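Given the sequences, and given the hints that come with them, work out the whole structure.
There are 2 protein chains.
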Amino acid sequence: MNNPVIESMLQRKSIRKYEDRMPSDEVIETIVRAGQQAPFAAQVYSILLSRKKKHVFGAPLLFTICVDYHKMKLIMGKRDWSMVTNDLSLLIFGIQDAAMMAENMVIAAESLGLGSVYLGNAPYVADKIAAEYNLPLKVFPLVQLAMGYPAEDAPPRLRYPMDFTLFEDEYPELTDEMIEEAMAMMDQGYMGQDYYKKNNYMIPLKNGRKETFTFDDYGWTEHISRKWGQWFPSVRDLLVQLEKRGFHITSDLDEKE
Amino acid sequence: MNNPVIESMLQRKSIRKYEDRMPSDEVIETIVRAGQQAPFAAQVYSILLSRKKKHVFGAPLLFTICVDYHKMKLIMGKRDWSMVTNDLSLLIFGIQDAAMMAENMVIAAESLGLGSVYLGNAPYVADKIAAEYNLPLKVFPLVQLAMGYPAEDAPPRLRYPMDFTLFEDEYPELTDEMIEEAMAMMDQGYMGQDYYKKNNYMIPLKNGRKETFTFDDYGWTEHISRKWGQWFPSVRDLLVQLEKRGFHITSDLDEKE
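Protein chains in written order, with the working numbering: chain A, 1 to 257; chain B, 1 to 257.
Hints listed in this document are in silico derivations from the structure and should not be mistaken for laboratory results.
Nothing here was measured: the structure is a model prediction, and the numbers come from that model.
Honestly, I wouldn't trust all of these hints.
One copy or two, either will do: identical chains are not told apart, so a pair holds if it fits within one copy or between any two.
To be verified - In silico BS3-like cross-links for lysine-lysine, where the CA-CA straight-line distance does not exceed 25 angstroms:
id	residue 1	residue 2
1	K73	K227
2	K78	K197
3	K13	K53
4	K227	K78
5	K210	K78
6	K54	K17
7	K206	K73
8	K73	K210
Here is the structure:
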């Protein structure tokens, strides 16, 4: 069971090398328009575009996808309403709106022969992005999307087995066998493509941990474990970034390490 | 500039009336498989499916899309890692992963002749959903997606003008003219379809505010203003739901109203 729409999704992979060719205005607008038509809670996003220079991986386009309640506040003001919803709820809806919109852009781009890659670091450098684009309060840079015509090709990468993802009626107890099967599928998928070897990248170990891996046994599950096992232990930096953008999540900023 | 992929996105609209016809296992698996192939930070989601009964709007399928770090913890355990990343960061990445996956499901479903509608209330009833599906800690129900074969048809609904959404190099000052144009486009789009009239729904006014609208002037901007102007003023309920699911965002739970 297949069609061009599903094929476009199944073929999609991140692109980390781009041609030196600028997509036309029409291509860009078609992609953004497809993004806009995504379902929404409240259309609470904006898209910042930069094409003044080459971006990471040589991409001609860099989109910065923002959660945007500034526009909503302006609209509510015109209707004599003020925003009362708490900022964490606003974020949860806003992140969904922005992510669904961005995913439509990704698939639309793929269908037009373009490739893309998500860059997840924006929330942690929100202040720099805000300064660069002169963002008003209540606009929070969520994720960046580099895009252009691919100068590399690779097969799509594997995902977890479906029985590790889709659960009917009840969340099952995940057996050792299921966990190990899911891990093997991901690791063999990435290592079979020499994914980390080609990118020449292993996440460095911190706290005196000694490296024992080589590109022959460093797979996706080790990679992802090193992220969540080492990165962003403190919530403080993120809370500070959110506060600077006008999203107040908690009063205990100072207590956190 | 168009193709079947982009057409599928541009034609998509929420469906609130479904045929009494169960999609085949093959259709369901194709949709979920397309969802899984979405880009990810860490594949930190799970999909709960219920097809034991008819769901809201008569939909035969109800998917509950969860942010899921339980699986990640199990995998990290097998690799001798423990999770150290703060829970707010986990949520921000997890919501994106889950939303991108769900959006692929929506577009794949559309391409196979199915319709869908998002239900955004899951985070506020997370405890009930957790009990129903026996969710382990670190699994948070983010959003639900009802799906089936449509028993209604409507044109897609308008979105903001592109110049209210896509900003190049700098976030512009939004003039009254731009704001009013965006509002008019949305309001005329919804009212032109008798959207709220057909659904026979206006958001009730609280705090003694007197209703002055009819379906002739109640448009999208009034509707959305009533949400953010009245709903979820306190973050407390949401924080409690997150805590119950094992996501600790803040220690100032008791201070919030």
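So, going through the hints one by one against the coordinates:
no., hint, in the structure
1, K73 with K227, "between (36 angstroms within a copy, 12 angstroms between copies)"
2, K78 with K197, "between (55 angstroms within a copy, 23 angstroms between copies)"
3, K13 with K53, "within (24 angstroms within a copy, 37 angstroms between copies)"
4, K227 with K78, "between (44 angstroms within a copy, 15 angstroms between copies)"
5, K210 with K78, "between (60 angstroms within a copy, 18 angstroms between copies)"
6, K54 with K17, "within (11 angstroms within a copy, 47 angstroms between copies)"
7, K206 with K73, "between (43 angstroms within a copy, 19 angstroms between copies)"
8, K73 with K210, "between (51 angstroms within a copy, 22 angstroms between copies)"
In the structure shown, no violation is registered for any of the earlier numbered hints.
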